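Q: Counting from 158, one number per residue, gives the positions in the sequence shown under this note's numbering.
No more than 27 angstroms apart at the CA atoms, straight line, and that leaves these computed lysine-lysine pairs for DSS-like:
#1 Lys292 with Lys330
#2 Lys342 with Lys290
#3 Lys276 with Lys330
#4 Lys330 with Lys290
#5 Lys290 with Lys328
#6 Lys264 with Lys292
#7 Lys264 with Lys330
#8 Lys264 with Lys328
#9 Lys264 with Lys290
#10 Lys328 with Lys276
#11 Lys290 with Lys276
#12 Lys292 with Lys328
#13 Lys276 with Lys342
#14 Lys276 with Lys350
#15 Lys292 with Lys276
It is worth saying that the hints were derived from the structure and are not from the lab.
Just so we're clear, the structure is a prediction, and the values are computed from it rather than from any experiment.
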Amino acid sequence: MSSRLAVRSTRSARFALAAAAMVALTATLTACDSGGESSTGKAGRAANAGSTVEDNDVDGAKDDYYDEDSGSAGKDNDVDGAKDDYYDEDGGKDNDVDGAKQDHYAKPCDNGDLDFSLKLESQAGGYYLVTAKAKPGVVCLLQGAPEQVMFGSDPDTVASNAEEGSGDSIKLKGSTVAYVGVNPKGTNNDEGKMFETLIVSVSDDGDNAGQLTVESADVDRPQVTNWHANSADVVTPFL
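I would like the entire structure built from these sequences, with the hints used as guidance.
A: Written as structure tokens, this is what we have:
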């Protein structure tokens with residue numbers, strides 16, 4: 158009789174253990190379904206999410222860090238989320254606040270980009286101060302001496318450079334201007350030819366070269382300076 162009771166007791170203990178295991182499993186599954194997630198599940202989800210675009214902006218808006226069309230395209234660190242504030246639409250990097258690529262990577266100036274004006278100065282025996290200003294909407298760079306400066310159309314009056322090196326580049330935009338000096342007479346004698354036109358060219362575009370009127374300039378071996386941002390620096394090479 159005691160042996161039967163022992164067997165029944167053993168079977169009851171096994172059933173109790175099996176029931177406890179089922180309860181524990183059910184509780185685990187319920188916790189997962191209600192929002193819980195194992196570390197393995199989280200890792201898998203993170204791996205899949207790795208193919209999407211990372212967003213480091215505090216508001217979680219993808220377009221505040223990457224452009225809205227393609228996460229792998231232009232990175233955008235501007236607060237307004239506009240791709241063209243950091244990259245131009247052709248792919249060129251642009252760190253200027255207004256998003257215009259040409260404000261950061263300006264091209265060399267062509268003759269057609271500029272308006273020229275002229276003033277006769279009395280220092281250093283007399284020279285012409287030429288001012289260049291970018292036309293509306295143009296942003297470009299000037300550096301070194303002009304491509305060619307001459308009086309009239311006489312090749313004998315092509316000015317030589319009065320300075321060594323090319324100096325600093327000057328970005329023309331809006332009201333910013335650059336100055337160059339032209340000394341019509343690089344010799345100290347009574348020889349020379351008289352001209353009434355000064356031609357200034359910053360590029361090979363001869364049709365749009367600046368043609369400035371001068372008052373009967375006596376020209377002999379003229380000289381020209383580099384472009385300068387300060388008009389006071391132009392006369393120094395002639396002194």
